[in-house]
Amino acid sequence: MLTIKRRAIPAIALAATAVFALASCSAGTRTENANATQVSCDYSAPDGNTTVNVLAYNSSAIDPFTDTMVSSCTTENVTLKHDPIDFGGQVTKTTATLAGDTGTYDIVETYGFVIPALADAGKLLPLDDLFDKYADDYGLNKISASMREGMSYDGSLYALPMQAQMFVMAYRTDVFADLDLEVPTTFDEMIAAASVIRDAGVMENPIALPWLATSDVTTSFQATMNSLDADFVDADGQVTLDTPEGKEAVEALLALKPFMDPQVTTFDQPKVQQQMFNGTAAMSIMFSGRMSDLVDSNNSKLSESIGFAAAPKVNREAQYSYNRLSIDGWSIPFNTPLDSEMLFVMMASAVSEEASTSAVPAAYPAREGMVTSENSPYGAAANESMATAQPPVVSPILASVTTEIRPILVQILTGGISVSDGLAAMQAAGETIAG
Amino acid sequence: MTLPKIDLSTRALITVKPSGKRRVALNRRPPRVTGALLAALCVVMLSPFVWMMMSVLKPTDVAFANPPVWAFQPSFDAFINLWETTYFSDYLINTVSVAVVSTVIALVIGIPAAYALSRFPSYVSALLLVLALIFRALPRFAVVLPMYDISRALGIYDTRFALAIALVAINQPFTIWLLRNFFAEIPRELDEAAMIDGCTRIGMLRRVMIPLMGPGILTAGIFVFLFAFQEYLTALVLTDTGSKTVPVFIATQLGQTLPLLQQAGAAAMLLTVPVFAIAFVAQKYLVAGLNDGAVKG
Amino acid sequence: MKTREFWLLFFPSLVVMGGLLVLPLIRTVQWSFEEVRYGTPGVFVGFSNYIEAFTDERFGKAVLSTVTITIVTTFLLLVFGYLIAVGVNRMTRSRPIILGIMLVSYVLPNIVGAVAFSWLFDDNFGGIVNRFIELLSGNQVLWFTDQVPNGILIIANTVWHLVPFAMLIILAGLQGVPVELREAANIDGANPLQMHINVIIPTIRGVLGFVTLISIMDVLRLFDNLIPLSPQAQAIGNESIMLYVYSVAFSNGAQRLGLGSAVNVLTILIILVMLIPFIRSIFKEAKVVR
Numbered sequence: 001m002l003t004i005k006r007r008a009i010p011a012i013a014l015a016a017t018a019v020f021a022l023a024s025c026s027a028g029t030r031t032e033n034a035n036a037t038q039v040s041c042d043y044s045a046p047d048g049n050t051t052v053n054v055l056a057y058n059s060s061a062i063d064p065f066t067d068t069m070v071s072s073c074t075t076e077n078v079t080l081k082h083d084p085i086d087f088g089g090q091v092t093k094t095t096a097t098l099a100g101d102t103g104t105y106d107i108v109e110t111y112g113f114v115i116p117a118l119a120d121a122g123k124l125l126p127l128d129d130l131f132d133k134y135a136d137d138y139g140l141n142k143i144s145a146s147m148r149e150g151m152s153y154d155g156s157l158y159a160l161p162m163q164a165q166m167f168v169m170a171y172r173t174d175v176f177a178d179l180d181l182e183v184p185t186t187f188d189e190m191i192a193a194a195s196v197i198r199d200a201g202v203m204e205n206p207i208a209l210p211w212l213a214t215s216d217v218t219t220s221f222q223a224t225m226n227s228l229d230a231d232f233v234d235a236d237g238q239v240t241l242d243t244p245e246g247k248e249a250v251e252a253l254l255a256l257k258p259f260m261d262p263q264v265t266t267f268d269q270p271k272v273q274q275q276m277f278n279g280t281a282a283m284s285i286m287f288s289g290r291m292s293d294l295v296d297s298n299n300s301k302l303s304e305s306i307g308f309a310a311a312p313k314v315n316r317e318a319q320y321s322y323n324r325l326s327i328d329g330w331s332i333p334f335n336t337p338l339d340s341e342m343l344f345v346m347m348a349s350a351v352s353e354e355a356s357t358s359a360v361p362a363a364y365p366a367r368e369g370m371v372t373s374e375n376s377p378y379g380a381a382a383n384e385s386m387a388t389a390q391p392p393v394v395s396p397i398l399a400s401v402t403t404e405i406r407p408i409l410v411q412i413l414t415g416g417i418s419v420s421d422g423l424a425a426m427q428a429a430g431e432t433i434a435g
Numbered sequence: 001m002t003l004p005k006i007d008l009s010t011r012a013l014i015t016v017k018p019s020g021k022r023r024v025a026l027n028r029r030p031p032r033v034t035g036a037l038l039a040a041l042c043v044v045m046l047s048p049f050v051w052m053m054m055s056v057l058k059p060t061d062v063a064f065a066n067p068p069v070w071a072f073q074p075s076f077d078a079f080i081n082l083w084e085t086t087y088f089s090d091y092l093i094n095t096v097s098v099a100v101v102s103t104v105i106a107l108v109i110g111i112p113a114a115y116a117l118s119r120f121p122s123y124v125s126a127l128l129l130v131l132a133l134i135f136r137a138l139p140r141f142a143v144v145l146p147m148y149d150i151s152r153a154l155g156i157y158d159t160r161f162a163l164a165i166a167l168v169a170i171n172q173p174f175t176i177w178l179l180r181n182f183f184a185e186i187p188r189e190l191d192e193a194a195m196i197d198g199c200t201r202i203g204m205l206r207r208v209m210i211p212l213m214g215p216g217i218l219t220a221g222i223f224v225f226l227f228a229f230q231e232y233l234t235a236l237v238l239t240d241t242g243s244k245t246v247p248v249f250i251a252t253q254l255g256q257t258l259p260l261l262q263q264a265g266a267a268a269m270l271l272t273v274p275v276f277a278i279a280f281v282a283q284k285y286l287v288a289g290l291n292d293g294a295v296k297g
Numbered sequence: 001m002k003t004r005e006f007w008l009l010f011f012p013s014l015v016v017m018g019g020l021l022v023l024p025l026i027r028t029v030q031w032s033f034e035e036v037r038y039g040t041p042g043v044f045v046g047f048s049n050y051i052e053a054f055t056d057e058r059f060g061k062a063v064l065s066t067v068t069i070t071i072v073t074t075f076l077l078l079v080f081g082y083l084i085a086v087g088v089n090r091m092t093r094s095r096p097i098i099l100g101i102m103l104v105s106y107v108l109p110n111i112v113g114a115v116a117f118s119w120l121f122d123d124n125f126g127g128i129v130n131r132f133i134e135l136l137s138g139n140q141v142l143w144f145t146d147q148v149p150n151g152i153l154i155i156a157n158t159v160w161h162l163v164p165f166a167m168l169i170i171l172a173g174l175q176g177v178p179v180e181l182r183e184a185a186n187i188d189g190a191n192p193l194q195m196h197i198n199v200i201i202p203t204i205r206g207v208l209g210f211v212t213l214i215s216i217m218d219v220l221r222l223f224d225n226l227i228p229l230s231p232q233a234q235a236i237g238n239e240s241i242m243l244y245v246y247s248v249a250f251s252n253g254a255q256r257l258g259l260g261s262a263v264n265v266l267t268i269l270i271i272l273v274m275l276i277p278f279i280r281s282i283f284k285e286a287k288v289v290r
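First to last, the protein sequences are chains A, B and C. The numbering used here applies: residue 1 is where the first sequence begins, and numbers increase by one. The numbering used here applies: residue 1 is where the second sequence begins, and numbers increase by one. The numbering used here applies: residue 1 is where the third sequence begins, and numbers increase by one.
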């Protein structure tokens, strides 16, 4: 019995040493991401060693900015730490870190949709003074004014815009060419094209939209309503779900559903990308940040056959396109113990001109006129989409209303309840939030 | 209803080589059909890992292709990128060190407690078993959510120490119960004999009991290590960036794009390999420990 | 043993368990009577959290689906565990290899196994299971959006994860069946089926009871494997009680600690009620031995 113990202990010790040795030999060789640009990042560092925790989800559009920030601003004493995380994880962690008096993260990635609620609750630091102070050093005035507006609330800037994202349609140029199809500009044209593709036996479910039941599905519903010049609430904060526009929007989505994968309510944007990679869908509409993956030859053998078009409208009379204009940016949480000036400089360096230029075509930077049809395969489509997007309704209750109505919307789309019952239920749920 | 007292005590199982003569094979032919069925079962049990390994080794453009691609040029990019561009090495260290620290602390405080309880009459053991069962059956959130609150208040949130201590506490009832059963096999006369020779109780514990209990301690240690290693829920709630463990990391990559999904798969594979080793090597101890629980329980 | 010695030896464990198990439990009970968020003191609301939990349709569905999955899984674990144990009992030389391979799915973290499992069933990722099914029957099975197939997927993964444990314990029990008993039955002319049903299973009743108990306790707390296998659990009615607590009390802006704690307390009570018969039999046995 003693011998068992004697042999086990050295074995365990050896294994443990091996693990530690291997780990430490790699810890220093964190190779810089190919997308990282070296820019100047001049801040006054505090004494001693500091770690700055950055919360940002991974995507080919966000990564260039994150990686530039991490690699340019890390020094001997100050380490920027960015853990890989998916979008759902970022949403959860944002709530968690902003909940109490202390949080884990010092810089968080935010987007226009959540700014009103967070700003209203005092969870983010206003950045106006810092912006004015560093505008010249980092060329911040070249950031599009409308995007800065999109990240402001109640007159103050709450996030430094890094990029814009709008819906872009990606489609299979080869399939459309073979079947002599025009690029759709309305939902009906999409359905017509899908029928032709299905009847020709090319694909069973040619349309792909991200309808994940725990997040993306409400974005799609909101975009549909926006096309009809409506939203979940109006500018006065009244809930406007059980309305003719709401009904038309739900029915439009239901009309698309038969042409989509039956499991579409489990699809987030990466899964929709996967459908394009696998050739199981011929048309998809997603945020522009997911577009450059589609033409990356490392991801799929079909990368040469993908074309881009502007987001369609719900119907020919609609004023705006089926579209959400989302501005992504960097914010400073109210509960970070670190110096906000240092953090702002880090954020500013990440959105500087060089960083933004090199982020094209993966991202659509927030600076004026960076993306054209020449430097980005989806540039023309993106610009056209942006021009036809509805000016957003700003309301601090929009985010919570969305969370509340989401399960009901899923029920409507999966046929669990009728359209009229569903709309009434959503209206009631929204009104409990509106108070 | 008690089972006949065949020598199924853990010490016997571990220290005595199983002699095939104990069971009379009523069917003396080599069990071919059974063997074939069991082999097929092993294939089925391993198939998820084999499939994941294949997906991780395929180049990204065919890794998740539908219909699946069977002939491909294997590539280790997922593993290399995982190791070099993420903090996977940190997560691995966190996972292993939390498991090791939990095990050490659990044994250090569990062994004396188990010994003390073993010298009490058997209705105490029944009480212990009931408590161990109740605590094991608890919905973990009932314990972990307050721990989240306390750890934030104390400032030890997102540290490896907090996670290790939490895991010690959660598994302690089971640990004590397991160790107590081992101790109960050692006759009390041994205690008396050692103490007559002038040892204090604690000294006797150190010099006589623990060496005798080697296999038992190893078994309990392996179980605690495994429970800590496998833990997801507690780690999810109590860690963030500082002490993230590998299971939590893998779960945060489920909504990522292809290359990162492959890296998550690579992380899972890197966990599977040592687990395979543990399963083979520690098998004897796991079996004996589970046996003991079944027989005595 | 002197009382002082006992407490000296037992004290560290007592502190750890008392401080980190009992105190949090008390806190949970306290929270269950309050409307509270993290970091802020709570407001006493009496039983309203409990009433809300009882009348919440979502909680009812979670209980129903968790209990259903538990019953089916436990049954399958007993059946498969028994069959596999009988098979392994027959093998002698290859036993270590078989046990080693079988243990892998038990020893690996549940969430890792579930992710690997989910890739097999996901068409979008080239999973082969649907290909086989299509070959055989021409139909597609929606593993992630239909309630029953998703339930089957969850049960399959849970059984896959826990059957090595069940099998090992039953194997130990089988090895405890006295040889004389089997020989006597053989002489009496029992065929293998009768042998199992009338001789072996009654003899290992205690072991089977133990496996049932542990399975029920573990599967009632289902959480880890739902994350990859059932991303849409709430919408299709396959949410487990723990997943419900997680979304209500911890994740995604829903920070109803009071409600989550009330559900925790209710779950504890349910589990205690289910444990009573087992506890009684344990105490009865202890009295006999004494």
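Hints were generated in silico from the structure; no laboratory data involved. It is possible that part of the hints are untrue.
[Said to hold, decoys possible] With beta-carbon atoms standing in for the labels, derived distance ranges:
#1 C/Ile133 x A/Asn315: 36 to 42 Å
#2 A/Gly48 x C/Gln30: 52 to 58 Å
#3 C/Val45 x A/Asp42: 25 to 31 Å
#4 A/Asp128 x C/Val45: 22 to 28 Å
[Claimed, not checked] Covered by chain C, according to a simulated footprint, are these stretches of chain A (three or more residues, beta-carbon under 8 Å):
#5 38-49
#6 140-147
#7 352-361
#8 410-417
We put the CB at the ideal spot given by N, CA and C, even for glycine.
Evaluation of the provided hints:
1. C/Ile133 x A/Asn315: 36 to 42 Å: holds (39 Å)
2. A/Gly48 x C/Gln30: 52 to 58 Å: violated (40 Å)
3. C/Val45 x A/Asp42: 25 to 31 Å: Distance hint for C/Val45, A/Asp42 is violated at roughly 53 Å.
4. A/Asp128 x C/Val45: 22 to 28 Å: Given range 22 to 28 Å: violated, Cβ gap about 41 Å.
5. 38-49: Violated - the region 38-49 of chain A has 0 residues with a Cβ nearer than 8 Å to chain C, which falls short of three.
6. 140-147: With 0 residues close enough to chain C, the hint is violated.
7. 352-361: With 0 residues in contact (Cβ-Cβ under 8 Å with chain C), the coverage given for the region 352-361 of chain A is violated.
8. 410-417: Our answer is that it holds, as 3 residues pass the Cβ test (under 8 Å) against chain C, meeting three.
Checked against the numbered hints given earlier, this structure breaks hints 2, 3, 4, 5, 6 and 7; the rest are met.
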